[in-house]
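Protein chains: 2
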Amino acid sequence: MPVNITALAPDHLLPVPGVSLGIAEAGIKKQHRKDVLVFKLDEGTRVAGVFTHNRFCAAPVIVAKAHLALSTVRALVVNTGNANAGTGETGLEHARTTCAALAELLDCETKQVLPFSTGVIMEPLPIDTLVNGLPAAVTDLKVDNWFDAARAIMTTDIVPKGVSRQITLNGKTVTITGIAKGSGMIRPNMATMLGFVATDANISHALLQEIVRYSANRSFNCITVDGDTSTNDAFMLMATGCAGHTEIDERNSAEFQQLRDAVTDVAVTLAQMIVRDGEGATKFITVQVDSGYNETECRLAAYAVAHSPLVKTAFFASDPNLGRILAAIGNAGIEDLDISGVELYLGDVLVAEKGARAPTYREEDGQSVMNQSEITVRIVLNRGAASSTVWTCDFSYDYVKINADYRS
Amino acid sequence: MPVNITALAPDHLLPVPGVSLGIAEAGIKKQHRKDVLVFKLDEGTRVAGVFTHNRFCAAPVIVAKAHLALSTVRALVVNTGNANAGTGETGLEHARTTCAALAELLDCETKQVLPFSTGVIMEPLPIDTLVNGLPAAVTDLKVDNWFDAARAIMTTDIVPKGVSRQITLNGKTVTITGIAKGSGMIRPNMATMLGFVATDANISHALLQEIVRYSANRSFNCITVDGDTSTNDAFMLMATGCAGHTEIDERNSAEFQQLRDAVTDVAVTLAQMIVRDGEGATKFITVQVDSGYNETECRLAAYAVAHSPLVKTAFFASDPNLGRILAAIGNAGIEDLDISGVELYLGDVLVAEKGARAPTYREEDGQSVMNQSEITVRIVLNRGAASSTVWTCDFSYDYVKINADYRS
Numbered sequence: 001m002p003v004n005i006t007a008l009a010p011d012h013l014l015p016v017p018g019v020s021l022g023i024a025e026a027g028i029k030k031q032h033r034k035d036v037l038v039f040k041l042d043e044g045t046r047v048a049g050v051f052t053h054n055r056f057c058a059a060p061v062i063v064a065k066a067h068l069a070l071s072t073v074r075a076l077v078v079n080t081g082n083a084n085a086g087t088g089e090t091g092l093e094h095a096r097t098t099c100a101a102l103a104e105l106l107d108c109e110t111k112q113v114l115p116f117s118t119g120v121i122m123e124p125l126p127i128d129t130l131v132n133g134l135p136a137a138v139t140d141l142k143v144d145n146w147f148d149a150a151r152a153i154m155t156t157d158i159v160p161k162g163v164s165r166q167i168t169l170n171g172k173t174v175t176i177t178g179i180a181k182g183s184g185m186i187r188p189n190m191a192t193m194l195g196f197v198a199t200d201a202n203i204s205h206a207l208l209q210e211i212v213r214y215s216a217n218r219s220f221n222c223i224t225v226d227g228d229t230s231t232n233d234a235f236m237l238m239a240t241g242c243a244g245h246t247e248i249d250e251r252n253s254a255e256f257q258q259l260r261d262a263v264t265d266v267a268v269t270l271a272q273m274i275v276r277d278g279e280g281a282t283k284f285i286t287v288q289v290d291s292g293y294n295e296t297e298c299r300l301a302a303y304a305v306a307h308s309p310l311v312k313t314a315f316f317a318s319d320p321n322l323g324r325i326l327a328a329i330g331n332a333g334i335e336d337l338d339i340s341g342v343e344l345y346l347g348d349v350l351v352a353e354k355g356a357r358a359p360t361y362r363e364e365d366g367q368s369v370m371n372q373s374e375i376t377v378r379i380v381l382n383r384g385a386a387s388s389t390v391w392t393c394d395f396s397y398d399y400v401k402i403n404a405d406y407r408s
Numbered sequence: 001m002p003v004n005i006t007a008l009a010p011d012h013l014l015p016v017p018g019v020s021l022g023i024a025e026a027g028i029k030k031q032h033r034k035d036v037l038v039f040k041l042d043e044g045t046r047v048a049g050v051f052t053h054n055r056f057c058a059a060p061v062i063v064a065k066a067h068l069a070l071s072t073v074r075a076l077v078v079n080t081g082n083a084n085a086g087t088g089e090t091g092l093e094h095a096r097t098t099c100a101a102l103a104e105l106l107d108c109e110t111k112q113v114l115p116f117s118t119g120v121i122m123e124p125l126p127i128d129t130l131v132n133g134l135p136a137a138v139t140d141l142k143v144d145n146w147f148d149a150a151r152a153i154m155t156t157d158i159v160p161k162g163v164s165r166q167i168t169l170n171g172k173t174v175t176i177t178g179i180a181k182g183s184g185m186i187r188p189n190m191a192t193m194l195g196f197v198a199t200d201a202n203i204s205h206a207l208l209q210e211i212v213r214y215s216a217n218r219s220f221n222c223i224t225v226d227g228d229t230s231t232n233d234a235f236m237l238m239a240t241g242c243a244g245h246t247e248i249d250e251r252n253s254a255e256f257q258q259l260r261d262a263v264t265d266v267a268v269t270l271a272q273m274i275v276r277d278g279e280g281a282t283k284f285i286t287v288q289v290d291s292g293y294n295e296t297e298c299r300l301a302a303y304a305v306a307h308s309p310l311v312k313t314a315f316f317a318s319d320p321n322l323g324r325i326l327a328a329i330g331n332a333g334i335e336d337l338d339i340s341g342v343e344l345y346l347g348d349v350l351v352a353e354k355g356a357r358a359p360t361y362r363e364e365d366g367q368s369v370m371n372q373s374e375i376t377v378r379i380v381l382n383r384g385a386a387s388s389t390v391w392t393c394d395f396s397y398d399y400v401k402i403n404a405d406y407r408s
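So the sequence lines, in the order shown, correspond to chains A and B.
According to full-length UniProt numbering, the residues represented by the first sequence are 1 to 408, in order.
According to full-length UniProt numbering, the residues represented by the second sequence are 1 to 408, in order.
One or more of the hints may lead you astray.
[Said to hold, decoys possible] 20 Å max Cα-Cα, derived EDC-like pairs, lysine to aspartate or glutamate:
1. 354/A <-> 89/B
2. 401/A <-> 89/B
3. 401/A <-> 107/B
4. 354/B <-> 89/A
5. 354/A <-> 363/B
6. 29/A <-> 363/B
7. 65/B <-> 335/A
8. 401/B <-> 335/A
9. 65/A <-> 398/B
10. 401/B <-> 398/A
Worth flagging that the hints you see were computed from the coordinates, not collected in a lab.
Note that this is a predicted model, so its numbers are computed, not measured.
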């Protein structure tokens with residue numbers, strides 16, 4: 001069950017002027033399930049994005065990157081039920097055909113449409129089924145459709161994921177609304193499974209691209225469920241400019257930083273929701289590494305702990321078998337790490353120092369933290385001023401069950 | 001249940017002249033369980049070893065490496081029930097005290113004893129209990145004790161692991177017998193959990209060290225159960241010289257190569273036994289990567305597949321959801337990999353080529369390989385002449401169960 005997520009309700013997600021959304025049941029994998037989502041963007045909307053680094057990246061990822069580089073964007077189309085990944089030349093043709101079909105319905109150019117897919121890998125996309133579902137999605141287009149959109153992009157997700165924030169820029173109210181999907185195959189590298197954030201802020205394309213990287217590096221790039229980087233990861237940020245304030249085009253302006261921080265807040269909330277709804281998750285775990293020599297080694301240590309099946313199963317069992325965390329740190333690939341300088345905290349409890357269990361540590365203190373559903377592991381390397389934080393979940397019977405049964 | 005391991009019987013393990021073994025119940029963690037093993041080596045025996053690269057390596061690893069560098073070796077002492085890892089200065093004192101106590105009983109020097117431990121990490125070693133168990137182990141010393149020794153070093157292992165081989169060198173029969181333990185926290189880096197191989201061959205120390213590295217790189221360094229490198233890994237090779245042939249001191253001699261290959265055969269058999277008895281294993285999987293640019297990238301691809309929880313749960317479910325293997329290859333960190341050149345075979349079945357499912361692939365052919373208990377995944381990178389093979393197992397409910405319950 002998802003760990004401490006407040007159930008999303010339709011009125012939690014605010015419309016973003018300039019963005020309308022339409023949903024349909026195309027029947028790509030299962031009947032009676034919303035599986036197509038279309039975003040229609042007002043003219044002048046700027047779009048920036050980051051994509052998976054998986055070398056086997058999906059056909060829609062390749063096409064979306066190419067279209068983004070060629071043109072302004074007027075629409076996005078997302079399908080679930082099939083990832084269109086590991087599908088070769090035919091997959092690329094299918095992604096382009098999808099864009100062309102939507103472009104005709106919306107009266108724009110094919111290169112102004114970005115395609116996204118999620119689902120099973122290495123099965124042919126049923127292109128006719130998808131294309132036949134597009135007219136219904138276009139008919140459904142409206143600005144207050146974000147909640148249904150969040151539900152339409154779910155695969156193994158148990159709960160829909162979305163969040164809205166509002167800020168004031170130059171006296172104008174600016175809205176930021178985002179949705180995301182993802183639950184397994186989660187170890188994003190420059191993005192998550194799929195995340196879409198829109199705002200009506202008015203900002204230059206260069207600064208929008210800067211915000212998408214900045215916020216991804218502090219959100220989707222800090223989470224892991226199982227260490228598997230997906231073929232279809234994408235995180236898109238759209239800015240319609242409809243809020244009516246002066247364009248933000250200065251990196252040093254207060255407005256830029258305000259918008260950047262608000263978008264990052266939305267992205268962090270979405271990324272943490274993905275971990276809280278991680279496949280089989282029963283606990284939400286923050287791994288914070290402090291006082292490292294540089295951020296790279298802090299991330300190495302944090303991910304070594306967050307990926308260790310032994311650490312994750314101990315969390316599932318609420319067993320303070322904390323030597324496994326030391327073993328994971330020792331296994332992080334930090335060549336010159338002096339273990340006698342490392343301190344390990346579970347919540348506020350000092351567990352280990354000087355290469356051994358702390359004299360003050362009592363098993364019942366560790367047990368009491370382990371029994372909680374939100375746990376912070378803090379590792380102090382004592383060799384510098386850098387820090388890094390990674391969010392993850394535990395590893396349960398249900399993870400195995402979900403992934404052993406996924407295609408059936 | 002272990003995958004296709006022939007049950008070990010006492011007469012499968014041949015005595016090695018010059019090596020006697022003694023076992024005792026010290027009661028380190030549980031009563032009525034053999035938990036101490038002593039090897040006594042004839043004078044003149046040469047010993048070489050490789051050890052874990054985990055920075056949080058255990059106290060006995062540090063002491064064993066130091067003693068090995070200082071002196072010839074007359075004895076080894078192994079305990080289960082406690083890893084003496086993450087135990088700081090006290091742990092080092094305990095390891096030295098163990099060596100001193102055994103040295104006194106065997107009338108040799110402390111530095112001539114190598115200590116080894118396996119069990120829970122970051123709990124103090126009950127040193128008095130261990131030392132009090134040593135006299136009984138010494139009383140038990142005999143040459144035909146290998147089978148009981150294999151049982152005495154088990155922790156979460158279901159079956160004892162051992163193998164013997166004989167070869168003829170210069171007209172003399174030479175015996176090689178080895179035992180190993182390990183089932184979880186298995187992704188050895190220069191060694192396995194614990195492996196001990198002895199031979200009565202007569203070989204120079206330099207060439208013995210070369211054999212231990214050569215054979216480790218082709219055996220224990222090619223396996224993974226869960227990707228967690230232990231704090232206590234060690235693989236020791238002992239050569240007593242009792243077989244009576246002329247000393248092997250030429251790298252180019254036929255005798256050297258014959259002995260090296262026989263030791264490697266023993267090490268590979270032991271390493272594969274560890275995977276076959278991997279925690280929760282139901283399948284034995286060989287991941288073979290061919291036609292790579294160099295061995296490093298072949299190993300990256302092989303380990304990316306062998307470590308992916310999504311791939312491993314699909315094997316557990318016998319589900320030919322083979323796109324997960326493509327995603328893992330794409331995620332291996334081979335920056336310039338051209339996916340259109342990659343071929344994927346499951347057994348003899350061509351599954352994918354040119355970045356997509358092969359036109360000849362039929363789901364029922366993949367299913368029929370997936371239903372087997374021994375599966376070979378072959379990945380052809382088509383960009384060079386290098387190869388690498390990794391052995392692993394699947395990921396089941398029982399892995400989670402075993403590791404959620406380990407300390408109880």
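Failing hints, ascending?
2, 3, 5, 8 and 9
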